[in-house]
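**Student:** Protein chains in written order, with our numbering: chain X, 1 to 495; chain R, 1001 to 1495.
No lab work stands behind these hints, which were simulated from the structure alone. Because the structure is a prediction, the values reported are computed rather than measured. Virtual Cβ for every residue (Gly too), placed ideally from N, Cα, C.
Cβ-to-Cβ under 8 Å is the rule here; a few derived chain X residues that face chain R:
| hint | residue |
| --- | --- |
| 1 | Asn-89 |
| 2 | Leu-158 |
| 3 | Phe-163 |
| 4 | His-197 |
| 5 | Leu-208 |
| 6 | Met-211 |
| 7 | Leu-212 |
| 8 | Tyr-257 |
| 9 | Thr-258 |
| 10 | His-259 |
| 11 | Arg-473 |
| 12 | Thr-484 |
| 13 | Ile-492 |
| 14 | Ser-493 |
| 15 | Lys-494 |
Which residues of chain X face chain R? A partial, calculated answer using Cβ under 10 Å:
| hint | residue |
| --- | --- |
| 16 | Phe-129 |
| 17 | Pro-216 |
| 18 | Gly-217 |
| 19 | Ser-471 |
| 20 | Phe-476 |
| 21 | Tyr-477 |
2 protein chains.
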Amino acid sequence: MSWLKLFSRFTSSAWKATPPSLRSFKPVQPSSPFSSSAIAGPSPVGLPPTTPGKEKPRLVVLGTGWAGCRLMKGIDTSLYDVVCISPRNHMVFTPLLASTCVGTLEFRSVAEPVGRIQPSISTAPGSYFYLARCKSIDSDNHTVECETVTDGTREDALKPWNFNVAYDKLVIGAGAEALTFGIEGVKEHAIFLREVHHAQEIRRKLLLNLMLSDVPGISVEEKKRLLHCVVVGGGPTGVEFSGELSDFIIKDVTERYTHVKDYIRVTLIEANEILSSFDVRLRQYATNQLTKSGVRLVRGIVKHVQPQSLILDDGTEVPFGLLVWSTGVGPSPFVKSLQFPKSPGGRIGVDEYLRVPSVPDVFSVGDCCGFLESTGRSVLPALAQVAERQGKFLAGQLNQIARAGGGYANCAGEIELGPPFHYRHLGSMATVGRYKALVDLRQSKEAKGLSLAGFVSWFVWRSAYLTRVISWRNRFYVAINWLTTLVFGRDISKI
Amino acid sequence: MSWLKLFSRFTSSAWKATPPSLRSFKPVQPSSPFSSSAIAGPSPVGLPPTTPGKEKPRLVVLGTGWAGCRLMKGIDTSLYDVVCISPRNHMVFTPLLASTCVGTLEFRSVAEPVGRIQPSISTAPGSYFYLARCKSIDSDNHTVECETVTDGTREDALKPWNFNVAYDKLVIGAGAEALTFGIEGVKEHAIFLREVHHAQEIRRKLLLNLMLSDVPGISVEEKKRLLHCVVVGGGPTGVEFSGELSDFIIKDVTERYTHVKDYIRVTLIEANEILSSFDVRLRQYATNQLTKSGVRLVRGIVKHVQPQSLILDDGTEVPFGLLVWSTGVGPSPFVKSLQFPKSPGGRIGVDEYLRVPSVPDVFSVGDCCGFLESTGRSVLPALAQVAERQGKFLAGQLNQIARAGGGYANCAGEIELGPPFHYRHLGSMATVGRYKALVDLRQSKEAKGLSLAGFVSWFVWRSAYLTRVISWRNRFYVAINWLTTLVFGRDISKI
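Could you put the whole structure together from the sequences, leaning on the hints where they help?
**Tutor:** As structure tokens, then:
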């Protein structure tokens, strides 16, 4: 096989040799603060543009969610130097995040370090991972401006600093933000369920409330408030979290917190119907299952959130000890700030190839992007499977571009691309607790197709997610966590 | 065997029936704020005294360390109601805490919830676990005053409140505090290594510094500072942490953070000799091993700690990115505040039976107690094995007292006790990294005996601790963690 290696090395170097002639790198504008500090300043802070012929083209990826990580996994690092910029150094396996809040799974079992997904970023020369947030994009000069994320809580912590990174290709996979609909008090008093630190906070608070409600000097009313867990939003996340919580109460609280077990309750508040994207029979099944497990389903709209209670639109006051908010996502302030074409709903507008039209060498994937109206396609839902499929598609396309000599900035104009991105929905799944789940294999809301509910679905749900977990290490840990939860119950140490 | 059960039930109820006549319960002093609020107030906040004949005597345990937990495990809950008061709901398996800082072990594998050690405390009527700190002890009225531990960081957090608990027997196992010798800046800028949250903070900071030092815009000097890990204190904790850290650097940093691997260093600062309690040959072995692994050993005394550097007594400034402080422990402010007899060194003074003389029904175990000078015994070292042995001894003794009818307050005067507590040192162990450890089986510093160093010791070290881990669940997880670290390397996601 050594002749094959030699051949591939020869061909790849031949490919690398071609770009310079094709390339038309824009001259530096001295008026731009980014390019000047990155290139011309006395001590350039940041990564200057690559030098064709000497270096590989640089692919900059913003974000480490489903889309960005799947993209980096698929990128051929012999073609690109990869620079990943994200405020977290791991990907979160979001479908299993709800399970970590009550100790069914451990936090680390659902977090996958980026360095394990694409080892190059912390080992290859020219490839990097930067723990930072992107602040702005200067597409004229092919540069992004970033700010480091430091642990600002301690006095001896570093002050954040800014730096620039020049890119040949830029992929924006910066994700979306939890929607609060401008309701006052949500950000201050509710906990979202999107990151590992959210799950940690929920777990700490739940265990703290369970313990505090047992201490002398607390009234029955206050005890009931402390142990009232309210979930707002009846989408898959809200339903799965409610299901996990009721499992925790039925199996663990009744056995291990007998003094307070009669006071704990779960309420799920939804303005419309729960699991609205699912088949109507599955919705009914989920409603029955949740009610059977003791989850109170309330139809209502939250008007206002106070530190220890929320107000519904009919004026009802609902006291709570724990409030989890999951009413979908919308564009983040960073996405809103970009002067790019936008899709309906305010996401970054992309064409069928996930390119941002009129902005050369910029692509977008995942929850932060949406098809432009001009494509005639509708904006895809903010789902892990959409993001993952986009990441995979774009990795292939970028590899193809680099192989055809279009890897460097401003030189991919004439390269022929393959078929455009096409999304085929594989179905939806959600667990409702007590070894029961829903599996909806219809391709869209209107289509007909297989839908299942019950124990078999639960088994399908667990098996499917176990195979989707990225690394063997975490696959192993998820299986071990499930086993120990079954044998020993959930872990209740508040650390 | 059913006749045996019947017999034992008969005899135990016979024992329970005797106490009232023996008992001389003190009349309530209306001047005392504790007893009045606990018994006579309009809304008594707290647990009032037990009623002999109706209830079991109440054993109050302060603390959930090695001593308190071993004691609760050994207590016969058919004889006592157990009320445990502690600011944390779990016991920490301290000898393995250093391994969690670098991801060799997971945090939860070394934390054991109290409810798993003694399930009665959260299930039996009359037994409780209170997440609180003891503020003072009113031994005249057999009451402790406590304050709840709430999560005071959020605006909607509960304010802490006070409550009283009357006891029949009180065991103080509240532990000790890290010593800083009054050196300025230690508490603000160094991290101790005594609780799980300390290990979490060390891990977060280590990973943060590794990532930040790779970001553009940082000088070589600053990079070196960020990646300089300084450990102060050459006892077993400091040495084991240094060993783990050098293992992490040799195996994981060099593979996964190649850009910065040449900048990371570990320095261990000790005023005298490292591992001073170990055999001289073992000390030499440890010194060689650590040096070989790249740990720089510095003899010096820290004079002053600043946010990003420390000053030694010879004036040298040592910049650091991470500072871990482990220079032994001393009496906590709570122990200092108690108006009880004290041992040399300021610990709670106890006799050979671990009773606090002149204070009826009060016992003390673990790092917070020491033999009184009058016993002619020397104060035992603050070791897990001392605390555990004391907890076990006292559990047996308290069971014996209750069986003889002395369980209630003020009625154990005439009960004959068995042999006093006798401590026999089983030996010391410490790992120095790279599959090497020290095992010193001498009974005291001056005695002769077996001492081992090397791989066999390391194997003994791991096996010994694996068998000492309290629950099967955690034993299983520690083994699994070790296995996955071996196969996949350490986890580096900063969550």
